[in-house]
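Turn these sequences into a full structure, and let the hints steer you where they fit.
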Amino acid sequence: MSKSQRDRLQSILLHLVLTPLAIIWVFPLWMMAVFSTMPDHGIFSPDLQLWFSDQFIANITNMQADTDFVHALSVSVGVALIYTVLSVFLTSMAGWALARYEFIGKPIVIAIILGTITLPYFVVVIPQFVMVARDFRLSNTWIALIVPPLFNSLGVLFMRQAFSMMPADLFDAARVEGVKEWKIYLHIALPLARPTIAALSIILFLASWNNYLWPLLIATDRSMFTAPVALGSLIGLTKVSWGGIMAGAVLLTAPMLVVFVLLQRHFIAGIAAGAIK
Amino acid sequence: MAGVALNNVVKNFGSVEIVHGVSLDVTDGEFVVFVGPSGCGKSTLLRMIAGLEDISGGDIDIGGKMVNDVEPADRGIAMVFQSYALYPHMTVEQNLSFGLRMNGNDKADTARRVANAARILQIEPLLQRRPKQLSGGQRQRVAIGRAIVREPQVFLFDEPLSNLDAELRVQMRVEIARLHKELGTTMIYVTHDQTEAMTLADKIVVLRDGIIEQVGCPLDLYDDPANQFVAGFIGSPKMNFMAATVVASGNGSLTVELDKQGRARLAAPLQGAVPAVGSKLTVGVRPEHFGAAGAGGTDIALDIDVAEHLGSTSYIYANTGSGEQLVIEREESRHVVRGVGASASIDAGRVYLFDITGKRLR
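In the order they appear, the protein sequences are chains A and B.
Mapping of the first sequence onto the working numbering: residues 1 to 277, in sequence order.
Mapping of the second sequence onto the working numbering: residues 278 to 639, in sequence order.
It should be emphasised that the hints constitute simulated quantities derived from the structure, not laboratory data.
From the three backbone atoms N, C-alpha and C, an ideal C-beta is built for every residue, glycine too.
Heads up, some of the hints might be wrong.
[Unchecked claim] Residues on chain A that point at chain B, a partial pick, calculated with CB under 7 Å:
(1) P167
(2) D169
(3) L170
(4) D172
(5) A173
(6) R175
(7) V176
(8) E177
(9) G178
(10) V179
(11) K183
(12) I188
(13) P191
Here is the structure:
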């Protein structure tokens, strides 16, 4: 068998294995899209529908009437954008300090940051809720939605790794030129960390966009509902509007897929940055 | 312009002292090269002068002012790094002007300085390119340009040519020499390449294990090394060393027997204290100082191992009967081939003698 024939066979085998896996992975997403176009009674009909129906606009309209979804979506976008920008800024500054400066207790600080990664979120969420809602009385505020999850230890370590891998000579050259430390950070380190920042931004934006538990606890007023919380409110005691939920889920998922496809080059570059060189 | 003075400079990393009380005077406008093997402390010394490393003891003066606690930017120095350290996201022009712009320097003055550096280094056509679009030699030129725009009193070069191929290295070496002539500024240059040291320096500082072994102008170091280390380090191919035993002495000369050359004897002139008969020492002979056998010196028999013919010169790597390898430089010896027996003569007047501690006996 020639090399080209062997390669072809290998490719066919690979497709035979991967295609069913891809179908299994895509199927729930596909059904979400299909259900979003069907009336509630159609979803539960004994005949499984695999193709789109015509109720998408109706589902959206009903959902908007029930939850003011457009407003919730705007809250979600606002929270995710502000959270991402602030968190990238904070985590990159912390990562910069850990990568570039020697100070007493640095290993302990790194160990604590690493330690917080291993702590399950559910251990933190109740004390955090008590502190923010009861002690600070910040329920139903933007600060409560954005600030508590702001410090992201994974992001700090991610940025530290990116900065550590940059050649120290670059920063020494700038120091010899009399460039102030914060300008070195702003004009040299941050631009060079662009792939990592892009990857981290996607991760942080997605984390905020998909966050359900914290906004559910802290936003009790409808005007402060984020989109996932607004969708969740459609699950009532007596009636669940699955068509509306699926339509909302499509609206929540579609922009993320687009963003991911557009930025995946940066995303992969950023994630893989530690692996090569 | 300014001179640089190091007074008993010490550097510790933790509890380990790696630079042991180095003192040195670099006069205004001089080109000084620090040379030595890896780990000898030459780059650390340069980084201490730059202010990128704190000094653990002693003083550093630049232009007559002590700069121990002065920030790198305020020392009047500019540094060129081995890795070029160009900012990859900026164009050549932005790289050159970055430091000046960040410090709020006047725009017109910045433009003038950038244009001047670009002219000196002939990189005007490259100003809008990014570093990744440049060749190694062009990058190094930009790195030097970034130093020039600072109009420093002292240039510091940290192995600037190490990343270049052999041909470019020669070309850049000439350019750096030309630059020194044109600017007349004090330059301190670190390298492990003794050819660079020999060709560029007004003064070479040979370092080993954090101490200065010898300071002097290139040919003085070559002709009159203070010890076996300097003798071996300066010169390419390096000096041959042969174990020997003193068999007789007196009247300003010393007769030694070469331990591994069939007990061949040679009588070398010696002015200073004479070692006792029976003491061990080392005889050094530069490759080009071997003569043809029968020329009146001490003849030794050789087996030719490898012969490198470079055109005008040949380097012959030969083994003595007892397995010691010697390198002999010969002109017009293209007929010499591997595996052939040969002989060479040592001229006693041109040998170097070292005692067992490596100190030169004169």
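May I ask which of the numbered hints given earlier this structure violates, with the numbers listed in increasing order?
The structure breaks none of the hints.
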